[in-house]
Amino acid sequence: MQKVYTKIESIVGNVITVRAEGIRNADLALVGDSYASVIKLDKDLVSLQVFAGAQGVSTGDPVRFLGRPMMVSFSDNLLGRIFDGTGVPRDHGPALTENMIPIGGPSFNPSKRTLPNKMIRTGIPMIDLFNTLVESQKLPIFSISGEPYNELLARIAMQAEVDVIVLGGMGLKYDDYLKFKETLEKGGAMSHTVMFIHTAADPIVECTLVPDMSLAVAEQFALEGKKVLVLLTDMTNFADAQKEMAITMEQVPSNRGYPGDLYSCLASRYEKAVDITGAGSITILGVTTMPGDDVTHPVPDNTGYITEGQYYLKGGHIEPFGSLSRLKQNVNDKTRDDHRALMDGMIKLYAQYKESLEKKSMGFMMTEWDEKLLKYGNLFETKLMDLSVNIPLESALDLGWEILAECFEPNETGLKTNLIKERWPKKEALS
Amino acid sequence: METLTGRVTGVNGNMTKVSFEGSVRKNEVAYIIVGDKRLKGEVIKISNGEASLQIYEMSEGIKVGDPVEFTGELMSVELGPGLLTQIYDGLQNPLPDLAEQCGFFLERGVYLNPIPDRDWEFTPVAKVGDKVVAGDTLGTVPEGIFTHQIMVPFTTRGEWTVKSINEKGSYNVRSTIAVIDNGKGEEKELSMVFSQPIKKPITCYEERLRPDETLVTKIRCIDAFLPVAKGGTFCVPGPFGAGKTVLQHLEAKNSEADVVIVAACGERAGEVVEVLTEFPELEDPKTGRSLMERTIIICNTSSMPVAAREASCYTAVTMAEYYRQMGLDVLLLADSTSRWAQAMREMSGRLEEIPGEEAFPAYLESTIAAFYERAGKVRLKDGKIGSVTIGGTVSPAGGNFEEPVTQATLKVVGAFHGLSRERSDARKYPAIHPMDSWSHYDGVVDRERVERARSILIRSNEVNQMMKVVGEEGTSSEDYIIYQKGELLDAVYLQQNSFDPIDAVCPPERQRIEFDRLYDALLKSYSLEDKSEIRAFFNQLRQEFLDWHATYFETPEFEAQEKKIADFYMAKAID
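Note that the protein sequences, when read in sequence, are chains A and B. When the letters of the first sequence are read in order and numbered with numbering that gives the first Met the number 0, they come out as residues 0 to 430. When the letters of the second sequence are read in order and numbered with numbering that gives the first Met the number 0, they come out as residues 0 to 574.
In short, the hints are calculated from the structure, not lab data. Worth double-checking, as some hints may not be accurate.
As the list claims (entries may be wrong) - From the structure, some residues in chain A lie toward chain B, with a derived Cβ separation under 10 Å:
1) 3
2) 4
3) 23
4) 136
5) 290
6) 291
7) 292
8) 295
Fair warning: this is a prediction, and the values are worked out from it, not measured in the lab. All residues carry an ideal CB built from backbone N, CA and C; glycine is no exception.
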């Protein structure tokens, strides 16, 4: 028998209070037709956060406690479906109610984790070749607003070799949401994708639920042995939603208005990335937009301390400098014997190209070597860095050799002689 | 003993208010009974007749009216043989056992026995009739490479007499091995295990000594330029990606301590997995046994409940003090103390305390100071010397050292190893900034010559700054040589390749020889014509030194290369 309470004592921001007894912390309730969760108990005074926002809530609205925490349905029926932050379908499909699982579950036991050692192929040379994505890695894409980060995510979703994709959208523009949907449907990736989408127009509380919903579902798939890729965009919106809620609840802010537990908030989500001993894995790729291109802003800063490297999206491509996949060492010695050497060699030459470019812009004389570097940098940027390039790692490596051969003599590359003998495309140059 | 019970009256995050009747101690442990689960918590405030309980678990599902059991005991850990090689969470739950029992996830409300249930070969030391006090040795058991002393619990007050003690033999860790009485009719049965409150330092020693002995880490730039002492403290602040954790892992692997305790406090679980997979495979340079045999891991990663994070540092330091009581040198590495401070900030916010700078509580500084002060070198009652060295990493927001946690830490530590983004970007590892960092301890090389070498580094840096403005052509040859000398010192002494099997570990004897040679080369004047000759000379000299690093110590190749270096620079040197 569910008891209905009809006297709401206060409504402040998105938080309402009601007098009730026997209520458990974090339980779910219905306020009118909107879901709400218990966030504070003080004797018989219960504070509830209304997911759809408290706008228009009347003090006479009925409050019904459901006696369970926030849950999400889990089954293979999820695949190909789109939901909002509370798990309500967005795609006119039927609501799912079977096999409900709680969200924001306990942390993974570190002694059951496996050392990450499997590469995820994405077909993007700047990732596969230079900063390999590794199964169970957590990586943010640091980006300024306006960069094509959602296009990049969509492309990774289409091309990555994984079993299940979970896309969590937070504060997405409606157009972006439609674009994601269209791209995935056209590319045929929708059949193994689940989407939890909060658009910028939706209530702010739902935004904070998206990562938990996405990751709870991902965790179940991973426990079934699936290789899951979770894409989260944009985590800065998530942090801002946390900030908004904390301030309305009169919490003491710590840094630029963000709550003191921002680090824990972000970490408890990112740390769900795991390679489970004897089961599947969760890899998390999130977008963190940097307000004002400032990496010391609390959101990218805290994120950097949590994640295992980052991809820097700048000027429409993944920057070779600043981008880092900390786990690439675990895998790039097993791909092809020239992978590491070519990666280091090409980046070193690209760094020299940047210096030459700077010299050129300052009006210095260009030597023959500078001209070679300029040619190389140009080819590198158009053939490898361009985000629309989609080739497997092996072809990317071959392409790398071709670019080198087109611009340099073998001994100018700084690569080991035996490697050059084996891989240099123009054999006549070797004699 | 009758247990005191109470009832939950309010819940806010992981802070619970509890009404009670009777007397409750501040900082005592209590359990909230939620369904069939018992959730551990600590009383951190008592006001208006209500106790505020900080719950070490997630607080979902607690309701008003839930019963609470007060234990009357302060937050404690269990100490006894078998701690080494273990992996615990912040509340001393053994994680592998937990995985066996609960599967993949850390289920809340499950508290397992932290001390492995097994038999040990006990040899008595004390005799019947002996007078004993807290910290005195009753007997010993062999624990791996150490003789583990079974001691009178540190919380024992006054003088007691041994009434009976077991003979040499094999006993279970929890069976009674001795009975002591205090002459007032009180008797205590002691086993090999006892519990110890974590927030009070253990003081069962004769006197504290000045930390005057270098703790060798085999990292050149630390041992010579920024040394750490046994019983000293040091901190490693740095922005993300500068290599704090890699540096700590190196210290954990190579330093010449007897016991190493790694406290992963609010950091990535993946890094703990690295230690877990790597350490059992590695060999302890001192004993040749598995590195894990001298290691305890306390792991409270960033996604675990935040209140337990605060406890994890204290859990670790209490274990460190326990092994110090056996006359061992213990190194405690805490990664990261910023996360620990943030946990305090979260709790303080929930208690609605008036915030200090950046919302950290006002007692931040004194808490940090009290924690680091638990390090120290001591002379024990039996004359043995033991020490606890504490090294903490700090993760300052935005890499800016002007923030409260870094500043509070700098006030109390004896050495500061500041990591710099600039150096890590330039792939100069370890990325410790050689000029900003400092140390108050004595290293493997005498201080005078180190200072002289450092002054060359500073001058070289100045010349470099100047060269950026006037260009290479506007710099005099003398200045240019100084610049090159500084670069040489940086490249061949301060930087060290941790992936190279030989260079990664540089024993102190080798450091002294290498420093002597380099110092000699730095102080010489050279007759070199122009800039290109100077550059070529120093490039070649650098290459020779790097080749020297690649030779094994105390081999003919090592000596031959040293001679080659000497011959090379002496040819150009002028008196």
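Checked hints:
1. 3: violated, 18 Å
2. 4: Status violated, d = 15 Å.
3. 23: With Cβ-Cβ at 4 Å, under 10 Å, it holds.
4. 136: Nearest chain B Cβ about 8 Å off; hint holds.
5. 290: Residue 290 of chain A check fails; min Cβ-Cβ to chain B is 13 Å, beyond 10 Å.
6. 291: violated, 13 Å
7. 292: violated, 14 Å
8. 295: Nearest chain B Cβ about 3 Å off; hint holds.
Violated hints for the displayed structure, listed by number in ascending order: 1, 2, 5, 6 and 7.
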